[in-house]
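Dock chain B against chain A, hints included.
There are 2 protein chains.
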Amino acid sequence: MKIVLAQLNYHIGNFEANSDKIIDAIHKAKSKQADLIVFSELAICGYPPKDLLERKNFIEKTLKAIDLVALHCVDIAAVLGGPSINPHSKGKNLYNSAFFMCDGKVQSIHNKTLLPTYDIFDEYRYFEPNTEFNLVEYKGKKIALTICEDLWEKQPVDNNFAKEELYTVSPMEKLSQLKPDFVVNIAASPFSHNQKNIRTEILQSVSKKYQLPLIYVNQIGANTELIFDGDSMAINSKGDVACRLNYFEEDFSLIDLNEIEEQKAEEKEVDYIEKIHDALVLGLKDYFGKMGFKQATLGLSGGIDSAVTVVLAERALGKENVRVLLMPSEFSSDHSVKDAIDLANNLGIQYEIVPIQDIFKSFESNLAPIFGDLPFNIAEENIQARVRGTLIMGLSNKFGHIVLNTSNKSESAVGYGTLYGDMNGGIAVLGDVYKTDVFKLAYFMNKDEEVIPLNSIIKPPSAELRPDQKDSDSLPDYDILDEILFMYIEKNMPVSEIIEQGFAKEVVDKIIRLVNMNEYKRFQTAPVLRVSSKAFGYGRKIPLVAKH
Amino acid sequence: MKIVLAQLNYHIGNFEANSDKIIDAIHKAKSKQADLIVFSELAICGYPPKDLLERKNFIEKTLKAIDLVALHCVDIAAVLGGPSINPHSKGKNLYNSAFFMCDGKVQSIHNKTLLPTYDIFDEYRYFEPNTEFNLVEYKGKKIALTICEDLWEKQPVDNNFAKEELYTVSPMEKLSQLKPDFVVNIAASPFSHNQKNIRTEILQSVSKKYQLPLIYVNQIGANTELIFDGDSMAINSKGDVACRLNYFEEDFSLIDLNEIEEQKAEEKEVDYIEKIHDALVLGLKDYFGKMGFKQATLGLSGGIDSAVTVVLAERALGKENVRVLLMPSEFSSDHSVKDAIDLANNLGIQYEIVPIQDIFKSFESNLAPIFGDLPFNIAEENIQARVRGTLIMGLSNKFGHIVLNTSNKSESAVGYGTLYGDMNGGIAVLGDVYKTDVFKLAYFMNKDEEVIPLNSIIKPPSAELRPDQKDSDSLPDYDILDEILFMYIEKNMPVSEIIEQGFAKEVVDKIIRLVNMNEYKRFQTAPVLRVSSKAFGYGRKIPLVAKH
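Order-wise, the sequence lines are chains A and B. Quick note: the first sequence uses the numbering used here, first residue 369, plus one each step. Quick note: the second sequence uses the numbering used here, first residue 369, plus one each step.
Pulled out of the complex, with its shape left as it was, chain A reads as follows (with noise of 0.2 Å):
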């Protein structure tokens, strides 16, 4: 049996481009003699459709486009993931769910068991649980079709609880004691850079388990926060990848099911910077994309974060799409304005410079009624931040360009950033990067040529708000602020235990209280590009009002 894996990108609610392009890959499929073609969980209608799925005419529009993709389906089958209605009297109205199409209509349809309901997903929201197991026969096999966390056994959500969120039911135990010939798994799995190997090493473990080949379909592209990095892979009965689709791109593939039993992918490891890089390039080129927008600006502060940022945007939206403002305050060091002029020469790319210390003095000399002769201090340092914020957003007003927000996870974790200032923008593209990893960033790329000037990245991180001012005045080196932030926020380690690992305890005990007492700047920021397995935003809710 000849099997496509069609590893597409989706535009939640844009059931034309969807259905256009699944079907051009049916009819790509049948030209290459096809047996089967798969697409990934809810392509239908995009991944996640969050509460989308409780418009009655969101779903009206899924249920359509199933059956014209259907229509196609003539001398092919396709396993396509959608919604489906539930017909029982009881329950929640939807499905997750994987149609089975042939001969022009759906023929069957299969529906998710285990509904991921932590960190970034919450299906349970909005779906029945599957309690029924039953195989597709087609062209004398016997396929056991299943969706994304069925294959897996526990939840991922790392809480230092004793014991390990087991799921209560195996639809693969179920489903094998009928006895499949291979097991189609479709999904909607988002990147992580930290989780890398895991889901190789799940679909491995069931293949091997049921020796069973394997055909694995996920999505590429971003949806907002989320960024897909696709991965799709044929496994064979042995547990070999036999071969696997590219990483954030699109991507077809034809596998032969007898051939693959022999086959083992040549498999090159990519460092994880890399992928951030490529996640990263590829959540903005969508946010922009799908959005319908063109033009991104941001900031550029002579600093490694918005250096990062401006290379980003120019490498996913090209450097006549990309327009900068230097806003030099009266405490930037002229070298920080020569290095921004630098990158945006350097890129190509449009700059403009407006000083703001003749804005900050009509707020200073607005003010003086009212602060008299109180000290200078966090006010009007963000007073600074926010006359930039304000410039920033005066351009993106008047030229429709999307501002891009530049804050780092580290900054943003203990809240070294000033809300409606530098923390402004309508996507934050560095948001779950820790500051080391954007060093490492800059350093990848300015592997063949120095992009970035090398002044940015070395020269010690500063808001330039005060004069001499760094960041190493209240906070700890990087690397071990990362250190620490990355065990309270990713492995939600209680702060004894992080002590424990040997930092100081009024080190640790001052950061986590900086991170829990800022929750609410990042409560009210931009979307961020999610390449962790633990991001600030959707995936972690924190109560605001609540005693840490």
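Because the hints were derived from the structure by calculation, they are not lab data. Honestly, I wouldn't trust all of these hints.
It does not matter which identical chain is used: a pair holds within one copy or between any two.
Stated by the list, open to error - Pairs of lysine-lysine residues, derived as PhoX-like cross-links and limited to a Cα-Cα distance of at most 20 Å, are as follows: (1) Lys418 to Lys909; (2) Lys915 to Lys429; (3) Lys531 to Lys429; (4) Lys729 to Lys766; (5) Lys878 to Lys859; (6) Lys889 to Lys766; (7) Lys915 to Lys653; (8) Lys915 to Lys424; (9) Lys522 to Lys424; (10) Lys370 to Lys396; (11) Lys522 to Lys458; (12) Lys458 to Lys542; (13) Lys915 to Lys662; (14) Lys643 to Lys653; (15) Lys889 to Lys418; (16) Lys473 to Lys510; (17) Lys418 to Lys915; (18) Lys424 to Lys531.
Chain B only, in chain A's frame:
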């Protein structure tokens, strides 16, 4: 049997304060010869704890606090809500439980079966659903302990599907087979003005169906966006409400199970505007009190939204804790300034005036090289709003006041507000109140004397960001706008069905388009005090990058 309904206000994660309060209530109940005292759902840790439930030390502190409370249950029994550890080898780590305690210890744990996972609820994210049903035997009575949603038959989600989402299990059905003498339901059920009688009706129908008395205890108080109204009650086996506790305040009521059979509470109908008023005052009070903040500030424009907000703030925090800034633009009428001053004087609060024209001109001249001779448009309007936002944040940063966001639900829906400008603030006070209800709130506030200058209420709403600007230049009248918004947001109705209600297609299309294209603005705003069945924020999850 004498039972105390303890309707208390809990602070999430503040185990010391919560357990002190619970223990005090137990001793008070004992002094009144009560046999049993009932607290609300997850009382010990506060509701909703969200992802704090994934932290091991949060659970450890919870369990310790529960044991401490149990020690005080001598000569009295208590039902207390809290998370418990799932002892089985599979499933989520936690249950959402009712702890039955007497003789100084926890005697049994009863778990929640129906875990709401819709709108603002995401309990399935944390808890394993219960599958075992047992009664408590105490002083010769058999008690059915249930938790909130356990008594509901369907999920109240307005998704306009053909079928209601009925639950597949009925915990009361199971428990009733064990022949209980009465039912206890502990809840954390948030206030929503447009679902006012549903709660009572459901509880009465359970009482009547099983012919059992029912003790219902809800919490009061606000935790970030959610406001809990209390409304605890005792219902006799005929389905009559025998006793109802106060709305929006802590309350403590002793009932006798025999006596309630002949009792019927005198019910007074409270207008929904008064309830919204009381809810918002409580919401503000708890936001400040539980965060440890004292003072609020906001921009007073002379318009109705900031007027209603400042009155709510004065009532929640006291006049000495509210300070306002008047920030007239060159387009503000003299009358606006006078109305704002009159209001500040009526309330006896401190005000200062900072005209924004100078600062705005400074922005204009600094941006002139970039903007050239492009005409005055939304860019300049937004700069003015952002100058105001920066001034008010300057006050906040200098003096430690928390900024109140004054956007109402209508303008927030259609994006009629400036991100990083007038949308600034720590909490959105009116963000779930449609403009037509803001007017009603203003009249309600003026019922005894004219607190809000009548002119602020009756003049045509305007942002005063360009000459002679009126909201009605670009929006339909608010009564039409609000009706359309309600059908789209609260009722989830398709556009076609809204038009069928008799609205002009072009008006409906325009408004819905505005709602959809402004999801990004709402994504970045402060938490909204929720008073309706569908507020912007946590309970409404719309993907930003999607085609509508």
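Return the numbers of the hints above that this structure violates; sort them in rising order. none
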